[in-house]
Amino acid sequence: MTFNFLQLVNTCHNRIGNDLDGLLVASAEPFIANPEILALEVELANPDFDETDIIRTREKLEILLEGYKERDKIRQSEQDKDIALNQIKYMGLASVCARVLGKKLDKSEQCSVWDRRPLRKTQVRYGLFVY
Numbered sequence: 348m349t350f351n352f353l354q355l356v357n358t359c360h361n362r363i364g365n366d367l368d369g370l371l372v373a374s375a376e377p378f379i380a381n382p383e384i385l386a387l388e389v390e391l392a393n394p395d396f397d398e399t400d401i402i403r404t405r406e407k408l409e410i411l412l413e414g415y416k417e418r419d420k421i422r423q424s425e426q427d428k429d430i431a432l433n434q435i436k437y438m439g440l441a442s443v444c445a446r447v448l449g450k451k452l453d454k455s456e457q458c459s460v461w462d463r464r465p466l467r468k469t470q471v472r473y474g475l476f477v478y
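Per the numbering used here, residue 348 is the first one in the sequence shown, and the count goes up by one each step.
In short, the hints are calculated from the structure, not lab data.
Note that this is a predicted model, so its numbers are computed, not measured.
Positions of the beta carbon are idealized from the N, C-alpha and C atoms, including for glycine.
There may be inaccurate statements among the hints.
With a Cα cut of at most 30 Å, we get these calculated DSS-like pairs of lysine-lysine [said to hold, decoys possible]: (1) K420 x K468; (2) K420 x K450; (3) K454 x K420; (4) K468 x K454; (5) K450 x K407; (6) K407 x K451; (7) K451 x K420; (8) K451 x K416; (9) K416 x K454; (10) K450 x K416; (11) K451 x K468; (12) K420 x K407; (13) K450 x K468.
Pair ranges (Cβ atoms, derived) [claimed, not checked]: (14) D397 x K468: 40 to 50 Å; (15) R467 x L391: 35 to 45 Å; (16) N381 x M438: 36 to 46 Å; (17) E398 x V460: 52 to 62 Å; (18) W461 x V389: 47 to 57 Å; (19) V389 x I421: 19 to 29 Å; (20) G414 x A392: 12 to 22 Å; (21) K468 x A441: 11 to 21 Å; (22) T399 x R467: 23 to 33 Å; (23) D462 x S424: 30 to 40 Å; (24) R463 x K407: 41 to 51 Å; (25) R418 x A445: 11 to 21 Å.
Work out the full structure, taking the sequences as your base and the hints as a guide.
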């Protein structure tokens with residue numbers, strides 16, 4: 348999962364420097380959250396939740412809810428007007444990671460000694476973001 352995420356960040360960063368067309372799609376419509384999220388949250392918060400239903404267990408519903416929330420984050424980032432208006436071109440890599448992917452880029456390795464071998468895992472991870 349981490350490697351795929353780092354590949355995605357690297358691809359996004361490379362595309363931002365060259366061409367944003369198609370990376371983020373502007374939307375004229377306001378963002379509307381998935382109504383199933385609220386319905387599932389209400390159902391899970393109900394003190395009379397039916398624990399005997401083997402189809403709609405609390406664990407399955409929580410997993411489903413997280414999936415809905417993750418998809419909504421992606422949909423919302425696609426519709427974010429700041430990003431769609433190409434303001435992302437003026438952001439640094441850390442801001443791009445935070446805004447587009449919802450992940451924080453740890454820049455503590457930015458000024459580390461890169462000539463020493465072997466590189467630490469944290470250096471390799473940071474290098475995947477930057478290069």
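Structure-based check of all given hints:
Of the supplied pair hints, the one linking K420 and K468 holds, its CA atoms being roughly 29 Å apart against a limit of 30 Å. Restraint check for K420 and K450: satisfied, since their Cα atoms lie roughly 12 Å apart, inside the 30 Å limit. A C-alpha spacing of about 24 Å is found between K454 and K420, which places the hinted pair at or below 30 Å, so the restraint holds. Taking the CA atoms of K468 and K454, the gap is about 13 Å. The hint holds against a cut of 30 Å.
The suggested pairing of K450 with K407 holds, with an alpha-carbon distance near 26 Å, which does not exceed 30 Å. Taken as a hint, the K407 and K451 pair is honoured in the structure, with Cα atoms around 29 Å apart against an allowance of 30 Å. Taking the CA atoms of K451 and K420, the gap is about 15 Å. The hint holds against a cut of 30 Å. Note on K451 and K416: the hinted pairing holds, with a Cα-Cα distance of about 19 Å set against a maximum of 30 Å.
For the given pair, K416 sits about 28 Å from K454 by alpha-carbon distance, which is consistent with the 30 Å threshold. At roughly 15 Å between alpha-carbon atoms, K450 and K416 fall within 30 Å of each other, so this suggested pair holds. A distance of roughly 17 Å separates the Cα atoms of K451 and K468; the hinted pair therefore holds under the 30 Å criterion. Between K420 and K407 the CA atoms are separated by roughly 20 Å; this keeps the pair inside 30 Å, and the hint holds.
With a CA separation close to 18 Å, the supplied pair K450 and K468 stays within the 30 Å bound. At about 46 Å, the beta-carbon gap between D397 and K468 stays in the expected band of 40 to 50 Å. Between R467 and L391 the CB atoms are about 41 Å apart, so this pair conforms to the stated range of 35 to 45 Å. Restraint check, N381 to M438: a C-beta distance of roughly 28 Å breaks the suggested window 36 to 46 Å.
The hinted range of 52 to 62 Å is satisfied by E398 and V460, whose Cβ atoms lie roughly 56 Å apart. The hinted window of 47 to 57 Å between W461 and V389 holds, with their beta carbons roughly 52 Å apart. The beta-carbon spacing between V389 and I421, approximately 23 Å, falls within the hinted interval of 19 to 29 Å. In this structure, G414 and A392 meet the distance hint of 12 to 22 Å, their C-beta atoms being roughly 18 Å apart.
A beta carbon spacing of about 19 Å between K468 and A441 agrees with the range 11 to 21 Å that was offered as a hint. With their beta carbons about 51 Å apart, T399 and R467 fall outside the hinted range of 23 to 33 Å. Taken as a hint, the range 30 to 40 Å holds for the pair D462 and S424, whose Cβ atoms sit roughly 37 Å apart. In this structure the supplied range 41 to 51 Å holds for R463 paired with K407, their Cβ-Cβ distance being about 48 Å.
About 19 Å separates the C-beta atoms of R418 and A445, a value consistent with the hinted range of 11 to 21 Å.
Hint violations for this structure: numbers 16 and 22, all remaining hints satisfied.
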